[in-house]
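Given these sequences and hints, build the entire structure.
Chains as they are written, first to last, in our numbering: chain A, 689 to 1043; chain B, 689 to 1043; chain C, 689 to 1043; chain D, 689 to 1043; chain E, 689 to 1043.
Treat the hints as calculated values from the structure; they're not laboratory data. Worth double-checking, as some hints may not be accurate.
Intra- or inter-copy, both count: the list cannot distinguish identical chains.
[As the list claims (entries may be wrong)] Lysine to any residue pairs mimicking SDA-like chemistry, simulated, CA-CA at most 25 angstroms apart: (1) Lys1040 x Asn897; (2) Lys734 x Gln831; (3) Lys938 x His771; (4) Lys1038 x Asn897; (5) Lys940 x Leu777; (6) Lys1040 x Asn894; (7) Lys1038 x Val899; (8) Lys1041 x Ile975; (9) Lys978 x Met989.
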Amino acid sequence: MSKNRIKKHHKKLGKAPGSVIYTGDKSTKKLFIDIFDYNLEKCIEKELDTVEETFDYKHSNSITWINLNGLNHVAEIEKLGNHYNLHPLVLEDLVSISQRPKIDEYDDYLFVVLKMLHTDNDDNIVSEQISFILGKGYVLSFQEAEGDVFDAVRERIRQGKGRARGLQADYLLYILMDAIVDHYFTIIETLGDKIEDFESDIFSGNVSNTVNKDIQDLKREILRIRRAIFPLREVINRIGKHESPLIEPKTKTFYRDIYDHLIQVTENIDIYREMIWSLMDMYMTTISNKMNEVMKVLTIMASIFIPLTFIAGIYGMNFDNMPELHFKYSYFILWGVMIVLFVGMLYYFKRKKWL
Amino acid sequence: MSKNRIKKHHKKLGKAPGSVIYTGDKSTKKLFIDIFDYNLEKCIEKELDTVEETFDYKHSNSITWINLNGLNHVAEIEKLGNHYNLHPLVLEDLVSISQRPKIDEYDDYLFVVLKMLHTDNDDNIVSEQISFILGKGYVLSFQEAEGDVFDAVRERIRQGKGRARGLQADYLLYILMDAIVDHYFTIIETLGDKIEDFESDIFSGNVSNTVNKDIQDLKREILRIRRAIFPLREVINRIGKHESPLIEPKTKTFYRDIYDHLIQVTENIDIYREMIWSLMDMYMTTISNKMNEVMKVLTIMASIFIPLTFIAGIYGMNFDNMPELHFKYSYFILWGVMIVLFVGMLYYFKRKKWL
Amino acid sequence: MSKNRIKKHHKKLGKAPGSVIYTGDKSTKKLFIDIFDYNLEKCIEKELDTVEETFDYKHSNSITWINLNGLNHVAEIEKLGNHYNLHPLVLEDLVSISQRPKIDEYDDYLFVVLKMLHTDNDDNIVSEQISFILGKGYVLSFQEAEGDVFDAVRERIRQGKGRARGLQADYLLYILMDAIVDHYFTIIETLGDKIEDFESDIFSGNVSNTVNKDIQDLKREILRIRRAIFPLREVINRIGKHESPLIEPKTKTFYRDIYDHLIQVTENIDIYREMIWSLMDMYMTTISNKMNEVMKVLTIMASIFIPLTFIAGIYGMNFDNMPELHFKYSYFILWGVMIVLFVGMLYYFKRKKWL
Amino acid sequence: MSKNRIKKHHKKLGKAPGSVIYTGDKSTKKLFIDIFDYNLEKCIEKELDTVEETFDYKHSNSITWINLNGLNHVAEIEKLGNHYNLHPLVLEDLVSISQRPKIDEYDDYLFVVLKMLHTDNDDNIVSEQISFILGKGYVLSFQEAEGDVFDAVRERIRQGKGRARGLQADYLLYILMDAIVDHYFTIIETLGDKIEDFESDIFSGNVSNTVNKDIQDLKREILRIRRAIFPLREVINRIGKHESPLIEPKTKTFYRDIYDHLIQVTENIDIYREMIWSLMDMYMTTISNKMNEVMKVLTIMASIFIPLTFIAGIYGMNFDNMPELHFKYSYFILWGVMIVLFVGMLYYFKRKKWL
Amino acid sequence: MSKNRIKKHHKKLGKAPGSVIYTGDKSTKKLFIDIFDYNLEKCIEKELDTVEETFDYKHSNSITWINLNGLNHVAEIEKLGNHYNLHPLVLEDLVSISQRPKIDEYDDYLFVVLKMLHTDNDDNIVSEQISFILGKGYVLSFQEAEGDVFDAVRERIRQGKGRARGLQADYLLYILMDAIVDHYFTIIETLGDKIEDFESDIFSGNVSNTVNKDIQDLKREILRIRRAIFPLREVINRIGKHESPLIEPKTKTFYRDIYDHLIQVTENIDIYREMIWSLMDMYMTTISNKMNEVMKVLTIMASIFIPLTFIAGIYGMNFDNMPELHFKYSYFILWGVMIVLFVGMLYYFKRKKWL
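Structure, rendered in structure tokens:
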């Protein structure tokens, strides 16, 4: 995936800076806009087909949340952006899905980009870019495609429970980001499970041929998640310290709380990272131990039978004058000698703890 | 355990921020409140069953220490929190046992979360979250379950020895935290013992099959302890620099002392960490050495007997015309040659220090 | 190449500081100057043969971009430098191609050095030094040789599209640097492809004899690119914070955008760096695994046949009195015993998962 | 030793903070106090048995250096401390020998703890805690036991040479600390010798069975020394920047000089640390090389004689119809074939550089 | 050498701080002083035998450069130092050759210590300490022995070319330091050559027995050079920021240029450091690959001939009743079977890519 991102940037080579070009997968995402307009008294929820329908809500006194899915619909996004007076570079970044989490502060709005992580049906970790514009009385959110982690937030707004509907747009942005960060915990839980599975596989010696590659893949996945999450700490930190009427002082306590959660997530990621490196060590040691075991079997077999075979070879020689050959019990005596040798060597290897 | 913590966070997915939800093990902890209310003249000590009984002490002129065990009793904690005017996020953090050590500064109280580490009967290291609220004239402490490291503190308050009863609530918080940090030394002593046991086992070659896994487990345990202790340094540091009437200047010297202790603890943890990594190295080298020894036995046996067996094979051939076969002493001469070869090779391997 | 750079510096040993000496490859680069002089209304584009022809444009009111190719033409560069009043050390650095990316701030101009990376026809990564002088109303650029990444920029100026022609020289510098940084993405894409090729080669066991050396070469190439790109972050950062009439406040947003891109590039480079190290690990493990497999075959063959050969040896002995030799079916019984042994050992190795 | 330190802390578990409890080895150290009281004109030197005898010197106009040996004499130290008005935590730290080097600034004195390192008769590195109190006109020093590195300092004071007797107490503290830091060079020289001995042992292949363990021990010793010395840099740095009448500006130049020495010591320690890690690498490579050599001997012996033995085996078969057996010279021809094979294989291995 | 330095410090144990004691090799260096006294009009150059002869130049209006070779002539250096009013610690540091690069700022002069690196006739890297005193109108330089890298500087002063004679003493110090730093490039070029030689040796398998030790030595040499060069960056940086009439603002641009060069040198050193570590890896992999190859030959020989030898052994048995022995063509059939087995196994190993 990291490679894809880089490749996608390529499409823009030679274009003027500020060109609004979607860099994601163009296939099948349809435009889907849903809007919430609410205050303590009312809560309007609508699904819209065109961006123009959202324009009426800009100057309402209530809080407006416009959520747009489908970053490939560049023209619509530009229309919306122009209506809300967004800087061309913001529009460029909105649709360029290889952004790293960041916050850009403009005069009358904040632009926040982050990564929404969730697991798909096969337990693969999927990363989707989501951007927020926080202005006076509104939050715009832009997602690559439909499907997000905000259902609980929507329900809370609908029901008007808790502080959800009484507070300003900065609090709405907070609960949206909080929902995203809470989902990070699910992701690292998935990671933790994978690592523990590997660990018990390696320890039980039950390793497939691809364990080497699988560990590398896991390592890379952690790198990727790390890259998606780590810069967000700085973003949240800067929101918490932002001096503007957009973020009220009492909301900052809540952003500090997200920050604490993020620290927990990133600490866990770093622990998993160390664990992955240890996995590789464990795997190498397991290989060494196995080879050691193989060597021991070989050594024991060869060390015991090679001298015995030599003795047998001696008495298979055809010299005319080999007196032992003609004694009556020499064959049986020889068997005795061989058995003594055999037992002696077994005892020697036993004492060396090779058996 | 780190995994458990992450899993527990999961329970809150989709809940409104500030929801006070206990994230620990719900089983069998009963609510248990004990209260100390003292000054230079008097010292009242009580065990209470309901939080309401504590409300009377809020406005006493004496120092009040309310210690609540059983974080699963969320309703009682909310009652107490509302009585003491605590922020909803503080209540949420109080009962969410996956917090990392932190300090949050509110207008008229400080909120401190840290980890109490002690060893259970099987020498396992147990980590329990403990939170403190330091206000004007009172300290609230919240523990997951009964059983703590404060018995010596209680005894000191009862007997009124030293500075214990004459000083303000900030000093009470100090001696409580000092007791916790002093216990960290016991923990790292336990760790040190484990590492030295491993080391002498590995060096004596007396390694079980699970040594690989055991070292990984120890590595992880140190990571976990590190994570519990390291952030506390910043917490103590910030208390020591806090500018508010809650912390008196003369108490800051004492907090600086805890800080020094913490630095000692964390330095020791980092030394143990390096030692664990070295253990792994030592173990790998031990394996290599063993394989080397096995190889040498194999090489010596094979190198000595393979040529001798070849010679025996030669004179076991059935060619009609093999003149040596018919000389009278050739069998004995051959034995002589073989013994010379045998001794020569022993000497060669001796010189190579393989024997 | 890094070595070449160092060697080239050598040429200057013993020269006075500020001596303008070209340190690159002197062979065949011809002087080539092209000039753009434009504002909103007009756009003059010329190719010149001597630097003197550029002197007229210095005091034009329009934006002038003079692009000089061929750093070996030291005399011409000194002429141009003196005309534009450049410090002797700037001239020295201009033609000394082993500079690391840097920005030097002088009273009435900024001097920026950076590396232009592109791939040649064989997919090798080529690094070329390019220097910019940004003054009031003009940008001078100095390239080692013809051929650059600015064709799209030129086209944009010609067509006067977007902001290209309306803005000041600081914006021109921005679009030039943006073009260079955009090309870095192509470079790291090339790197990513190489790494993935290696990875699938190693995993499929399809490794050539030079894989060891190839990985080292790739490692070094990444080090080299890292060194070319990392210092640029600080350069861009300082342009963005530069307080002078040369950089207008509204252009700083654009430099912040380049900075974001650079962070993405450098993060990708660091990920590739970790991946390379992992490649080496994977390769080592692959070798170990192969040796293990070889050992297993050897062990199985030897362990099965050595005892059988011993038995055959026994009955090849020539003792007079070996009763078994004379029983009628002993030969066939012996075959039976041998087959039982053979099958037993196969079963044993099967159970050990060596087969 | 690091473990011992930790264990010793344990003794204080449950004690009130500020309890003055000696944490070292209690056995046999007797109290020993020596005092210097000098200025440019006079120099009194005495050995005292009780701390009370020192009290007279507190208010002398001359510089007083009271040196107390025997930290187990807690009561005497408390008496002295109270006379000089020391904070209880200072007294606690004085006798608690597991302190890390630190400086605490109090209103009218500085408290400095550091480690005195010297080698005992067996070249083991011994660490002893020493604490200084620097006040107006006096320096108190507290040592675990008799025996220190100050003999040259004492001699200089007695003889009044150089600046020794003309300057203030801050200069006295400087020459004491300088003497300690100068001894660190002896210590790291001892370390360097040990490492070079190891290195030449490993390179000459002359490694004992315990080399593995010995390297680990050395590694740990370096960790321990590092821990004793590194924090001292910060201590000296803070003395050099201390703004109080206790440290005169002209003395600060001298502290800067100690600082430079410390940097040299710590750099050397870090170099030795890297060298130790390289030693381990060298040792591992030596093992690998040895195994390689063993393998080669085995391979050569087996590869040469196994096919020859096979050929001999062929002609030991008892088939009725084996025409070669009956040719007159076939035995001699066979010898020829075998010798050709033998020489051919020797040549092959020679070309492969295995011989 | 690093060890020598440490040992040399030892000589001073017990001496008063500020004692001027030469810590280098005392053998055969003779005192040698050369002096330049110049301004735009004149240039006097002399070689002197006693320091007293230099005293006249102190108060000349021209720039004076006194270069003293032979740090063992402590008495002369003290005389010169006292004449120029140098602090005792400066004199101590001047002759103590284990200094790390540093700058000490005194009221009317700057004291700079650095390392001059050059290669001797055997391409060994030699480090010599050189100290500068920069005062108003004069530069003093102190070298361990005759022979330096300043010949080009002297020539430039003599000829009065460029800025050399028109500028102040701070510019003289700059060109001296610039000459030293330019020589660092030669040193790292030598290093680079050594590393590339090693690399091609290892890759071609042409490794001597000492490669292990040689790599360690190279590693240590790089550590040593690093230690000599890295602190110089801070020194140059502080000169560039020094606020005093000693360093004129326009000279600071030149010091910034040295700083840039130093960054290039140190970056190259760090790249070489990484390359050395990779060398070790490559070497280890080469060893593993070789062992693998050896194992494969052994496995192939043993696996092919062991079963064949077994078969031959079977028909060498002396049972009375072995019907196969008496069939007419069984010997030839057996040969057929053996050849089929032989070819089959060759094919098997071919498919496994072991051949």
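### Numbered hints the structure breaks, given as an ascending list
none
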